[in-house]
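A.B. asks: Take a look at the letters that make up each chain.
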Amino acid sequence: MAATEDVPAFFKNMGSGSPKPRQKFCGMFCPVEGSGDSKTLDFDALSASGRSVTPGGRVIEKQGDISRPKVEIRHTTGKEALQNIHDKSDRLLIKGAKIVNDDQSFCADIYMEDGLIKQIGENLIVPGGVKTIDAHGRMLLPGGIDVHTRFQMPDRGMTAADDFYQGTRAALAGGTTMIIDHVVPEPGASLLSAFEQWRQWADSKSCCDYSLHVDITEWHKGIQEEMEALIKDHGVNSFLVYLAYKDIFQLTDSQVYEVFSTIRDLGAIAQVHAENGDIIAEEQQRILSLGITGPEGHVLSRPEEVEAEAVNRSVTIANQTNCPLYITKVMSRSAADVIAMARKKGTVVYGEPITASLGTDGSHYWSKNWAKAAAFVTSPPLSPDPMTPDYLNSLLSCGDLQVTGSAHCTFNTCQRAVGKDDFSLIPEGTNGTEERMSLIWDKCVVTGKMDENQFVAVTSTNAAKIFNLYPRKGRIAVGSDADLVLWDPDITKIISAKSHNSEVEYNIFEGMEVRGGPLVVISQGKIVLEEGTLHTTEGSGRFVARKPFPDYVYKRIKARSRLAELRGVPRGLYDGPVCEVSVTPKTLTPASSAKTSPAKQPSQPVRNLHQSGFSLSGAQVDDNIPRRNTQRIVAPPGGRANITSLG
Amino acid sequence: MSFQGKKNIPRLTSDRLIIKGGKIVNDDQSFYADVYIEDGVIKQIGENLIVPGGVKTVDAYGHIVIPGGIDVNTSLQAAHLGMNPADDFYHGTRAALAGGTTMIIDHVLPEPGSSLLAAYDQWRDIADRRSCCDYSLHMDITRWHEGLAEEVEALVKDKGVNSFLVFMAYKDKYQSSDSQIYEVFGVLRDMGAIAQVHAENGDIVEEEQKRILELGITGPEGHVLSHPEEVETEAVYRAITIAKQANCPLYITKVMSRQAADVIAKARKKGMVVYGEPITASLGMDGSHYWSKNWAKAAAFVMSPPLSQDPSTPDYLNSLLACGDLQVTGSAHSTFSTAQKAVGKDNFTLIPEGTNGIEERMSIIWDKAVATGKMDENEFVAVTSTNAAKLFNIYPRKGRIAVGSDADLVIWNTKETKTFSATTHNLTVELNIFEGMECRGYPVVVISQGRIVLEGGQLNVIEGSGRFVPRKAFPDFVYKRIKARSRMADARGVPRGNYDGPVHDVISVTKSVPSTPTTRGPQCPGKTVMAAGRNLHQSGFTLSGNQMDDHIPRRTAQRIVAPPGGRSNITSLS
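Residue numbers (my numbering), protein chains in the order written: chain A, 306 to 952; chain B, 83 to 656.
Among these hints, one or two may not hold up.
To be verified - To be clear about the criterion: a stretch of chain A counts as covered by chain B if any three or more of its residues have a C-beta under 8 Å from a C-beta of chain B, and this derived list gives those stretches:
| id | segment |
| --- | --- |
| 1 | 546 to 559 |
| 2 | 589 to 596 |
| 3 | 611 to 617 |
| 4 | 621 to 628 |
Said to hold, decoys possible - Anything over 10 Å on all C-beta distances counts as not near chain A; from chain B, calculated:
| id | residue |
| --- | --- |
| 5 | Phe113 |
| 6 | Gly122 |
| 7 | Gly229 |
| 8 | Asp397 |
| 9 | Ala453 |
| 10 | Ser547 |
| 11 | Ala555 |
| 12 | Arg563 |
| 13 | Gly583 |
These aren't lab readings, by the way, just hints derived from the structure by calculation. All of these numbers come straight from a predicted model, not from anything done at the bench. Heads up, the beta-carbon is just placed ideally off N, CA and C, and yes, glycines get one too.
Same shape as in the complex, but just chain A (with noise of 0.2 Å):
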């Protein structure tokens, strides 16, 4: 095998195209452990200083474990170092790297140039000075994408702890290498100066790639054509809808429904923070009014019926609208099972789970301290059924649930004590980005719920499929983004707010003992982490703009577009006598809500069915004819027509 460009078609093809059959150390890709070793140049031997003098070099003595060849990052020196020493870290060999795509493992070595993968196969023609990773079989898996951040969020004047900045290298460091943050906007404001502000916020402080959901806070006609601007010109592809937070962003179903119908003619994703706000209201009311000011009144106030309805709810409005629907946030059984049970049904809905639901619960509201209770406030909140991470793992195993984020959202104690007296004012959210893969890895692929390719597929390539972010991301493949994470499946960590990389005191998972963990994480191409240092850069995450219509996701959506026509019956016309509605108009009740989109002032009229364009309107020639309000003809004149006879 020599260099790419003479192999048979089928090795070039490899771990690049369509899903193939798995191979795992075994048929014909996969050399025998340890062969490829004399076979491909190995710089150090022929260079004439160790690699300990190497500049650049580094060997990870981290490992406990010494039974595996530790994990070896090269560089030569010499002439053809030289050549490059501009650019060291743009071109990177990974040599016998076992890589986990989705649907296959197989053994090869990777070559990376210019933030992108360039070749993949064995025995790979490189450039000289090219620094080299030796992953003596370890897996190296595409970097993971957290789909569901909230770094920097305001929050009454507040900000968040961790900014893009911090949240960005916590989630380097969990071996994340994108991340999709969501864009807030003030109800009222406009969401491209709200997504302007994101932008900026995150070009000049994120370390990884990054992309941007946006929150629909309110609606009105305005925002449809922001949200269309935002999808032509912006590469946003996914719109949040709220169903909680009354009176702040909730919207009726009336706006939900017509906020689907957008997102479907647009090609985007409609996602929803699914919980009754209504009930919600009431029931924090309630609470506080028994005196309950602490914690496990937020935990109290939101049950997880009023989460399984609100997500039964947007559901059915999906359903009726034929859009595809991605619940944020999944946090217990019962909206698990609902999302599960609807998937049966054929509804194009996704759930993402996030790290806090993955790996704890929700005992921990009850705690005695209250500044760790209060760390784990989030909405919807953790379960107090102790068996709901596992639970959770196990549908994100068989696949009712597709994606997980991290939902991080972090806030010192001190920010969070300004609900010290009154749970419904402390901030919500937890931390997750960092743990989040390792978490997973721990709670699902070492009890044998998942393999590695699943893994692969509900940390990174499943999100990248939704929001059309594939094959750039979340595929290891010739022309994919360099984004990978050489994976450790032995190594052990105890999860502290000690060693964390988040801003803040607390850490949900705090004392958690995970197994698996990222040895070296690349991310455009550069290392940012090896040997447990991080080498990030403020500002080098770029945006990443999606595209609509997902084909994983709208190729369905369009099918049922076009069966779902609707057609009416073809009749003659009634022309059987008509009963006299006495004008009585209703008095109109101010239509429902003060949040209705103005757009829909002008067809008042038409929107109240009860007052419709139906009307006996001009003089009529029996206008003088006294009326009986209610007239049963029984025989009208000119006999009974054929069509009101009974059939």
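Based on the hints, put chain B in the right spot on chain A.
C.D. replies: Positioned in the frame of chain A, the structure of chain B alone reads:
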């Protein structure tokens, strides 16, 4: 039929009756006995009864004697667009008696914004004058505000109403928001009443109606297209969620689809106090006729929630009724003549809603459920009469054949068949949705208030003879469980020391959002007063007044690593 003694005074015949030779069927057992009735009340049950002379004897050999049916859902007076239903209290109750139903519970539908008590009085007035059988009243809450709580209390305590219906549909007209429903449920639970729900998501329905009209579909098929099953199911699910939170007994009126019934069944399995009421139309018919080429026929089926297009629905609902997942049956009888329906000939949303079923209810259930072996005669009595009486707290006065109970009895022929048709029914409408259906089982004799009102196919009713039956609050059948749960459900806080760590400063440029009513349905006027308390991000917590450190500029996100006075115990990492 023969007369004992020689006196044949009509007055007496209506007061004293003996039913001989029938099999008496209650919801728990059947037995052979004679029944002696006097003054409209059952006086004796047994064999070889000693009765005074001059008593009219009714022969029930070969038939069963069952408690008269209770139709839990009729709308005989609810106007639509100013049009009164074709069948009013007289025609409606007459038809009810003809079908073996001796009591109805009608829905009072007040205009939104008007007084509940005024509407109640209006209904009482009309029904007292026109009704031919005993009746009671449900009250519909068409627009909730806190002032109504007093009227609700008056109705429960003084007027004998213990059931109230809220609408989740009919947007901008009757629809209540989730918050309002929660409040209504809370009030009803405290009063000991039963919460009824018309379960359809009005928001979605309205959007769908708009869309379908835009597509140019104006016929009755548009009605069913704009009221898909899921929309009913969703609302049932939501109503159950709210009832669970409010710990209020829930009663779903008009269960029309399999899915909605399934949701109820599942909620019952989880322990919810919820009852489901399928109606004659959903038990006997499916919605295929909406596509009839005959406009008048298609329009006759228009009702909300609509009949399901799935032809297996009636069978399924009958099965759930038989197994106890659904408990009571009504007719939702509300009929409009074809000319009245034709108001919506160019726009299906204007078609007045409602179907007949008051007369056919008992026979259809017998034919679909008992004749097919799904249920036995005792269960038949339970679902047509006894359960309703228990639920609405008129048991054992109604719904049971026992000494002291009202003499509302039906002698039921279980073998022969009868065919429904608009030409023979006792209604004034031109169309019967069960046209041509042949049913086994029908009443041969109906006794209401101790008087024979149907005999030998002849109706002999007296307009205005129906009495109002007041119903007391806290029915045992429903509220025993609710009370126990209320005692258990006390939420308790965690006793903690006061948090004494640093508190972040909230800049008071908080969202200056006006308290926007974001909810479905009109906002309750009563609530605006306490708007400030309800907006949770604008509430009581403020650092008002001058602070001693006002001159020190603050960063927005201030992380205090070592607070003055050292880290307090309560905030340290556990």
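A.B. asks: Of the numbered hints stated earlier in the document, which are not met by this structure?
C.D. replies: Of the numbered hints, just 13 does not hold.
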